[in-house]
Amino acid sequence: MAGEEHGPPLTEAGEPISEAEALRRLRQTDDQSLQYYAAWWLGRMRSRHPDTVPLLRSALRQRQPRDPSAGVEHNAVARNAARALGKLGDGGAAPDLLAALEDDDDGLREAAARALGELGALEAVEPICARLASGLAGAGAPQTNSPKLQEPCEALIEALGAIGMAAPAVVGVIEPFSGHDRPLVRSAAARALLQLTAEVRWGEVLLELLEHPQLQVRRAALMDLGAVGWRPALEPIRATLAENSLKLIALRGLVEHTSHRNEADPDTETVLRAMDDLL
Amino acid sequence: MTCSENPAAVIESLIRDVREADSALALLQTTRRLAAAAHPEAVPCLVEVLSFNNPGAAVAAVDGLIAIGTEAVEPLLANLDEHNYGARAWAVRALAAIGDVRGLGLLEEALGQDIGPSVRRAAARGLGQLDLTGLGDPEADALRQRCLDALEAGAADGEWVVRYGVTVGLERLVLPLPTTSPWSLRAASVLASLSGPPEEAEVVQLRARLALERLQER
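Which chain is which? The protein sequence lines are L and V, in order.
When you read off a place in the first sequence, starting at 1, and then add 9, the result is the number in this note's numbering.
When you read off a place in the second sequence, starting at 1, and then add 3, the result is the number in this note's numbering.
The following block holds chain L by itself, in its conformation from the complex (with noise of 0.2 angstroms):
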């Protein structure tokens, strides 16, 4: 789970680079490091030039074998591609981003799943429905000799949340996994039914979770009210016991993604207070 200070993924690469430069990484392709970095770059300063979501596509397809040497994760420049491409919301990118979904590397697809929901890609609604509609006992279900489940469930679930088609056909994909028995997955998908359905009842399972005894678990559950903005929160985060630049996050995600708000709820006024007293 994503603390708040992650420095660049790669230290030896981490000294500040200019745009031109991480273009040039990125189109070299002998390492693969600097190209990873790169990628990164290109997402996390939202880089506007008119080759980078093009380079970044190609990096995507490219789909490198694993380098031991090169000391990143196996296809690691396609993922941080695929992740910089949601970072920049060019949805010419999502014929590139729905391929690696159905790619064979599980972490490949979580990241082209995360992209496609950021990039709020209707057409990876299916795609993404189709695997996870096996539920519990096919998607769901651990593998064997990794901590892993089957699909990126998560990743998936939070990207139909995002993404936000509200159809009964989704909302039914979604529900089995309300009743996961990893509670990080139960967050995921109580977040994305709160997104499409805005049932109380699925704001209560994050505010149970944020008492969950794992500081794991309330620090997702934190996240996942933040995405949705559910502003009945405010007390529960205030109160949960987790570090404040989390829920430094999570409040202004009450602030800057409330769809609606219901008379009782808190006014922005009253979550910026809660805002300062946590700095």
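Among the hints, erroneous ones may be present.
What the hints assert, rightly or not - So, partial list: chain L residues that the calculated Cβ filter (under 7 angstroms) puts toward chain V:
hint, residue
1, Glu252
2, Glu265
3, Leu281
4, Asp285
Stated by the list, open to error - Under 7 angstroms between C-beta atoms, here's a sample of chain V residues computed to sit facing chain L:
hint, residue
5, Pro58
6, Arg128
7, Val164
It is worth saying that the hints were derived from the structure and are not from the lab.
All C-beta atoms, glycine included, are put in the ideal place defined by N, C-alpha and C.
Given chain L, work out where chain V should sit, using these hints.
Positioned in the frame of chain L, the structure of chain V alone reads:
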């Protein structure tokens, strides 16, 4: 813990409980009890708890240090954990809330140079709430000037949460001053620059606008 009649023995026993806590929950509970005593002898132990990576216990320790107040300032300044930005953030939060002017140099340095956004944002807030009462005008003005310089530079920080902290610091720094004071005008101009594009975080824009409204309503 025993119900000793001797206050020093009680504090000692509360400190021992914290040191012997063998779980996150026990650390939280024992720290809360020690913090509630708000006794100066608890300061070194409460400062240690800031480094334990237990957010609940750290909140309790900060509350205790704030309640102890000026007597906690020197130990906080002397024991800043340079290897742990989480611990530094809690220490800066405590110093910010105590508002003792001896902390100013540290707050300036923290906002300008610390690698941890959580440290910088706490420092930004603290620069708005130094206790300047009892100082002569020239001295108070000189300190205000330093706070404003640091906050103005902090408005260009790369992290939204630090810029958010800067809006809060600016509001608190000049809210007690007349609208026409040069500090009010400078603070308002920095706040105006954060109240719309190119500021990219909507929440920072909203907070800056709220601060401007409050400054105008005075």
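> Among all the numbered hints in the text so far, which are the ones the structure does not match?
Replying inline: Those not satisfied: there are none.
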